[in-house]
Amino acid sequence: MPAPAPQTPGAAQVRQLWYAAVFPQLSSEQRSAQVLHRCARYAQRFTSFVSIDPPNALLLEIKGSLRLFGSFEHLCVCLDAGWNELGIPAYGAAAPSTLAALWLARCGERALIEDPAALTGRLAELPIACTAWNADRLRLLRAMGVARLGELLRLPRAGLARRLGEDAILDLDVALARRPAPRRAFVPRERFRDAFDFETEIESVAGLERAIEPVLARCVRFLRERQAGVQALALRLRHRTAPTTGLHLGLASVTGEYRRLRDVIAQRLLRLELAAPVRAVELISGPLERLSAASLDAFGGLGNAGRDSAAQMIERLRARLGDDAVYGVSPIAEHRPEAASRRVHELRRAAAPAVAGKGGDESAPRPVWLLGEPLLLSGREDSCSLRRGLTLEQGPERIESGWWDGKGIARDYYVARRAHGARIWVFQERQSKRWYLHGVFA
Amino acid sequence: MPREIPSLADILADARVWKLKDASAAPPQPVWSTGKSALDARLPGGGWPTASLVEVLLDDSGLGEVQLFLPALAACQHQAGGGVPWLIWVAPPHEPYAPALAQQGIDLGRFLVVRPESATEALWAAEQALSSGVCGAVFLWLKGTDDRWLRRLKLAAEAGGALGVLFRPERHRFESSPASLRVLMTRGEDAVHLELLKVRGGRPGSVDLR
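These protein sequence lines are chains V and B, in that order.
Counted from 1, the first sequence has number 237 at position 237 by our numbering; the numbering is strictly sequential.
Counted from 1, the second sequence has number 484 at position 42 by our numbering; the numbering is strictly sequential.
Mixed in with the good hints there might be a few duds.
Calculated lysine to any residue pairs in the SDA-like style (CA-CA distance at most 25 angstroms, straight line) [said to hold, decoys possible]: (1) V:Lys63 to V:Arg31; (2) B:Lys585 to V:Gly372; (3) B:Lys478 to B:Gly488; (4) B:Lys585 to V:Gly421; (5) B:Lys585 to V:Tyr327; (6) V:Lys407 to V:Gly421.
Hints listed in this document are in silico derivations from the structure and should not be mistaken for laboratory results.
Work out the full structure: start from the sequences and follow the hints.
What follows is the structure, encoded as structure tokens:
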């Protein structure tokens, strides 16, 4: 049983006016995506909200733009001029709902409908093919004697839902502006990419660092104009004979700051051994990302001059030592000691998970150092040779777990002390009765 | 002709004269309690000095050398008002075990391990971390180093306001060191023996920790 039809909202309630541009020439899937992106970028000068409707249409929200451009006619003229300039003419129509605008435009009608109440009347004239539903459904409708949307809208809702499916009913509700249909906004994918040819070949890393500065300054200006930052940069050093050297730079957080980017590049270059003199350099940014409020520093770091942020410090360490050499550790709720700790490389400020639910005794001692592999102690079973070297101070703590994944353990853990004093964490395997060293209480 | 006796003010103005009373009466920086009253009593100000370099000499891991500092570090992270200070361990001898650190109250969201490839890289990383101003403490494990680097570490610790702790083998005990506190750790029959080789603003001596 489908939900009852929502009410058509009044004109005052509708906040949006959608302009659909349908490009009849775009049919092949591959090319159309590229062309649509170009059109969407162009359309962004008319409105702040552009959405792509594949395979061949764009949707523009133009409620606010109408005031700016004076009238709908003027806006249409401007848009059409743009489409012609790009070499792909389009049909355009505007309506209070996305689908109504699309359907009107597909029929080639240049219409402007501002009142949602008028939608039913205007859509009634359109052939059902404008919905771009699949061929089976259209054939079924034609067999039922339905050729125009008006005839479709007159049919009982429950029967339609049963025959055509719920999504057809949804489409009709959306088209009549009875149901909101959020759209995904088009966000241009931009990157900074700039090359710079040096007048003379550069042979030293120090010289290279200075030579890159103008390109980097352009990159920072580019980022600032877009109020964006990057989290990755790529640097390509071109040589005359040797193949191009590619450097990848990762940053701990999104930034567009000149000083930070320069520091990271400088540290990365320090690690570099130039294979050949550098003829040209190319700087390519990663995808642009929005700056968070925290990453914008209005006062240029006046308050804490000379001090770094933690992100800067981590970046600098990583740039020189490599990404894998700098990491955090995080506990895991797990009984097996070797599986209860792991390295974490993404250093987001996540709240450390509580070690609750470990089941075992919370106050049971755990060593600061855990050996990667338990070390077999010489001496079999509970023998005297072992006793001579070790004094068991605390224990046993029985840990028996992991039978379900084939890495089961059954051990008795003790805190022991070596003859000369180190406190260690040892266990006796319950089956083999062998003793192992597993950790050190540093 | 009688020799002229210099006034007391003149003597005190001489840079070679050091007033012991002033140095011990007012510690220049705040300190972090070690959690062991016997040790606190021997340290000037009653705890580990902040913004300075501490050197721990020991030959074998497992004497509780990290344990000496963990209570102070946990307290320092929890007391912090604004940003929680970071703890950075450079070139630790084994893998730090997260559950043990969490048990001690260390905020693992602000804990970082750095594994450089060489001793020089390790010293560089420690210097960067110490001087960054966002670290509460930086631990560094080293086999050997030269005096010049230690001086740089000390300056970095003072500039960044962090506690730098350097763990070195015992054979370096007779070398000079710019550290403001030098501790030699050995294990006695039933206690850990701490020999305070050098205490700036205090007196050398020894402490037994049971």
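Now the hints, each set against the structure:
1. Of the supplied pair hints, the one linking V:Lys63 and V:Arg31 is violated, its CA atoms being roughly 30 angstroms apart against a limit of 25 angstroms.
2. Restraint check for B:Lys585 and V:Gly372: the C-alpha separation of about 21 angstroms stays at or below 25 angstroms, so the hint holds.
3. Proximity of B:Lys478 to B:Gly488 is assessed by CA-CA distance (about 10 angstroms); at most 25 angstroms being required, the pair is judged to hold.
4. For the proposed pair B:Lys585 and V:Gly421, the alpha carbon gap of about 21 angstroms is at most 25 angstroms, so the pair holds.
5. A C-alpha spacing of about 22 angstroms is found between B:Lys585 and V:Tyr327, which places the hinted pair at or below 25 angstroms, so the restraint holds.
6. In summary, the hint linking V:Lys407 to V:Gly421 is not supported, as the alpha carbons are separated by about 33 angstroms, beyond the 25 angstroms threshold.
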